[in-house]
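All chains, full assembly: derive it from the sequences and hints.
Residue numbers (the numbering used here): 2 to 273.
To be clear, the hints were calculated from the coordinates, so they are not data collected in a lab.
Any given hint might turn out to be false.
[Claimed, not checked] Restricting the straight-line Cα-Cα distance to at most 20 angstroms, the calculated cross-link-like pairs of lysine to aspartate or glutamate (EDC-like) are:
hint, residue 1, residue 2
1, K162, D27
2, K236, D43
3, K245, E47
4, K259, D43
5, K203, D100
6, K259, E93
7, K145, E14
8, K157, E212
[To be verified] The following label-pair restraints were derived from C-beta to C-beta distances:
hint, residue 1, residue 2, range
9, E218, D267, 33 to 43 angstroms
10, M252, S155, 36 to 46 angstroms
11, P270, N72, 40 to 50 angstroms
12, C229, K203, 37 to 47 angstroms
13, M252, P210, 50 to 60 angstroms
Glycine included, C-beta positions come from ideal geometry on N, C-alpha and C.
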Amino acid sequence: MPEKITDNIITEEITIRASSLSPYADCPRRSAARMFKQGLIDSGYEFRQTEPGIGAVIGTSVHEAVSYIHNTEDTLSNTIELGIEKFRSQIENGVLYDDTSPGPTFAEKQIQQITKAYYYIVAPKTNPVYVEHELTATMPGNVKLIGHPDDIESDKIRDLKTGVKAGKNYGQMGGYSLLAGARGIISDSPQLIIDWIPRVSKNKPSAEPIEIHYDPELCELEAWSIMCRIIDEYKSFLTSGDIKSFPANYMSYMCSAKYCIAHGTDFCPLSK
2 MPEKITDNII TEEITIRASS LSPYADCPRR SAARMFKQGL IDSGYEFRQT EPGIGAVIGT
62 SVHEAVSYIH NTEDTLSNTI ELGIEKFRSQ IENGVLYDDT SPGPTFAEKQ IQQITKAYYY
122 IVAPKTNPVY VEHELTATMP GNVKLIGHPD DIESDKIRDL KTGVKAGKNY GQMGGYSLLA
182 GARGIISDSP QLIIDWIPRV SKNKPSAEPI EIHYDPELCE LEAWSIMCRI IDEYKSFLTS
242 GDIKSFPANY MSYMCSAKYC IAHGTDFCPL SK
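Below you can see the structure in the form of structure tokens.
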């Protein structure tokens, strides 16, 4: 088994991405494997190599198109083409398809459908001040919080999700709210909105965008709670070197070799 990790191979400042907060609440060990991957490798742990999932690849491709929508006044066809170009560049080294997106042809159709829905239905309702603008802030506990909200307006933060399911994004949205507040670029208690445009299977019609509103106070409290948990479990691991410092949720639907780089490794014996 790998030796105990010591302070000299982990940087003193902990960097946490707002987008990692909600996944950490699902399985700390899976998230820790990605958040602290290099330090863990330096200590002797080995991790699996995984291809990106098609859901994440489609999401990144659509976000490329959405950013273009907000930054230009180009045509829908050119916007879609940009998203498809992004998609093709991402799958050059492989991708894991699923039942909803079984191949590249249909995945490109989904990118077209989602981008079109955003272009005509969501974009006209927005008035962004910042688009995918990186926000950073130093939080208590020597934590550097980083986030890239899709759309920051004077009184709201919007983020686009394209998954088959909407998911629960309290931690992520709370992280964005904390960041925007710390930088002084948004009003107190902003509206937090997820624009969910799901990718759907070929046997279903294109989905209409759905607005999901989150309570800002509840989200910020959840974000703080998860960040405190990360700090406590990280410090416990540094002290003990015990992987049980990061609890493993083997009941998670993402507990599989498909989604987790720690699955089946010494960092997570429960999955062997």
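Cross-check of the supplied hints:
no. : hint                             : result
1   : K162 to D27                      : holds (18 angstroms)
2   : K236 to D43                      : holds (17 angstroms)
3   : K245 to E47                      : holds (17 angstroms)
4   : K259 to D43                      : violated (24 angstroms)
5   : K203 to D100                     : holds (10 angstroms)
6   : K259 to E93                      : holds (19 angstroms)
7   : K145 to E14                      : holds (7 angstroms)
8   : K157 to E212                     : holds (13 angstroms)
9   : E218 to D267: 33 to 43 angstroms : holds (41 angstroms)
10  : M252 to S155: 36 to 46 angstroms : holds (42 angstroms)
11  : P270 to N72: 40 to 50 angstroms  : holds (47 angstroms)
12  : C229 to K203: 37 to 47 angstroms : holds (44 angstroms)
13  : M252 to P210: 50 to 60 angstroms : violated (31 angstroms)
Of the numbered hints stated above, those contradicted by the structure are hints 4, 13, listed in ascending order.
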